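Asks: Sequence:
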Amino acid sequence: MPNSEDSPVDSEALDAETNWEARYQAGSTRWDRGAPSPSLERWLEVTALEPGARIVVPGCGFGHEVPALAARGFRVTGLDVAPTPVEQLRRDLAQAGLEAEVVQADMLAWQPEVPVDGIYEQTSLCALPPEQWSAYAAKLHGWLREGGELFACFMQTGREGGPPHHCAVPTMRQLFPADRWDWQDEVGRADHTNGKYEQLYCLIRR
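For this note's numbering, count along the sequence shown from 1 and bump the result up by 68.
Take the hints with a grain of salt, since some may be wrong.
[Stated by the list, open to error] The following label-pair restraints were derived from C-beta to C-beta distances:
no.: 1; residue 1: Glu228; residue 2: Gln156; range: 30 to 36 Å
no.: 2; residue 1: Glu228; residue 2: Gln163; range: 37 to 43 Å
no.: 3; residue 1: Val255; residue 2: Arg227; range: 22 to 28 Å
no.: 4; residue 1: His260; residue 2: Ala90; range: 21 to 27 Å
Hints in this document: simulated from the structure, not taken from any laboratory.
Note that the coordinates shown come from a computational prediction; the quantities given were computed from them, not determined experimentally.
Where is the CB? At the ideal position from N, CA and C, for every residue including glycine.
Required output: the full structure, derived from the provided sequences and hints.
Replies: Below is the structure:
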């Protein structure tokens, strides 16, 4: 799959890399649990995908979900714009003796060489400015094969501003419309601090 040198980089991508890298350098990573999210375990309970399936984890950060999926036999690509978590995740995978691809790239520019089977979307959408959501949703559709799964953890903050940004479900249904996605029933909820939580949905690409 392409690496960051293969992906075009514009000024917005450089700004995003700089901003997120500064947070990692400062240790300002309150969103990081230090372990795989309970949302991932919920997906593994309901997914139709089997070991060997190709899965992308965009905005993976330190990527605790990446080795968790790799250990279960999935072919995983972790994707992040900031170099510090990418380098750390590569070291963690090597120390654990696990194989996965870790790519530093702008998510709005990157494209897999072949369509993938699944996407675990927990931290990217809510971190992006809402004006970029349509472009990102189009990217997710383009990454997936027909019938592939998008496991979406829609952040609920109940407030304006961000990141993380509030991903109201009615807005998400417009962003991921029924002519492109088959929405399954809500499959759970994952709580965060300060009253924030995620509503969990599995969307099937049409």
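Asks: Check each numbered hint from earlier against the structure, then list the numbers of those it violates in ascending order.
Replies: none
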